[in-house]
Amino acid sequence: MEAAAVVTLIAVVLVILALVVYLVAVILELRKITAGLDAVIESVGAIVSKSKPVNGVVESINKDLSAGTDLLEGLLDKKAGQDDAAGLVESLFPGAGASVLARQGRTGEVKNIDEVYTRGAVQLARLGRESPLGAGAMSGAALRDPTSSSAAARSLYSHPGSPVADQPGGPRHQPRSPTIGTEASKGVGSDDSDESVDE
Amino acid sequence: MTLWWIGNVVLLLVIVPVVVILLRGVLDAAKKTSRAVDALRPVAEAASKDLDAVELLHTTQEQVSQTVAVVADYGGSLDTVLEDA
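So the sequences go chain by chain: F and P. Here the working numbering runs 190 ahead of the position in the first sequence, where the first position is 1. Here the working numbering runs 3 ahead of the position in the second sequence, where the first position is 1.
Because the hints were derived from the structure by calculation, they are not lab data. Here the structure is a predicted model, which is why all the values come from computation and not from measurement.
Restricting the straight-line Cα-Cα distance to at most 30 Å, the calculated cross-link-like pairs of lysine-lysine (BS3-like) are:
#1 F:222 <-> P:34
#2 F:242 <-> P:52
#3 F:253 <-> P:52
#4 F:222 <-> P:52
#5 P:35 <-> F:222
#6 F:253 <-> F:242
#7 F:240 <-> P:52
Given these sequences and hints, build the entire structure.
Printed below as a string of structure tokens:
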């Protein structure tokens with residue numbers, strides 16, 4: 191046999207050997223992959239079957255919660271008024287006031303209840319005090335500080351002409367005893383009688 | 004004869020290496036896929052286990068329905084108790 195033929199045979203055998211070795215290795219890997227995918231598909235099937243009822247249940251929960259939200263918002267609208275209702279919701283859940291306005295079919299700026307203390311806030315305070323939530327444990331952070339919030343609101347709402355707390359007519363004013371004698375005031379009925387006594 | 008030798012050289016120096024390189028590429032890809040599947044198996048099992056709590060959604064659903072019903076009753080009482088704006 192000629193040398194060239196021997197070399198050709200050797201080359202062909204090498205090619206066939208390489209094909210056999212690598213293809214057998216690939217087949218073994220593919221079998222491992224198949225076995226692995228079988229195990230994975232089992233778990234994926236479990237995921238699919240377990241998550242199947244989620245949509246229906248979550249939609250039902252959302253429906254119930256939406257009904258509850260509508261109910262409470264309707265009550266809040268009725269008791270506090272539409273403007274204050276949106277403002278109250280905004281003060282409790284920042285950003286939610288706009289959606290309340292949208293549900294009311296209105297647009298515009300939500301009233302800032304933090305700055306404007308309104309009848310609606312009073313209603314909310316009553317709800318807080320008289321509801322089971324208000325009668326809960328006293329520990330933890332206060333939900334609302336009626337004194338400070340009221341003082342802040344009163345400072346905003348105080349009429350310029352109305353008396354301050356410790357001035358005549360104010361809530362904390364205590365009139366002095368009347369002056370008797372020559373330095374007594376001009377008399378009851380005069381314009382500056384009370385004021386002059388206090389001074 | 005010369006052409007035969009040239010053919011042999013081409014076979015040994017070009018075709019055999021190319022065949023080996025291509026087959027090695029296929030094998031590497033298969034091995035990578037196998038590793039990925041092996042890594043995927045515990046993840047899928049864990050995800051399946053995480054969804055065991057989905058059954059509790061039915062309880063949540065019942066609780067929400069009952070709570071909303073209570074809130075509705077409470078709201079009706081509040082509507083009566085509180086004065087309108």
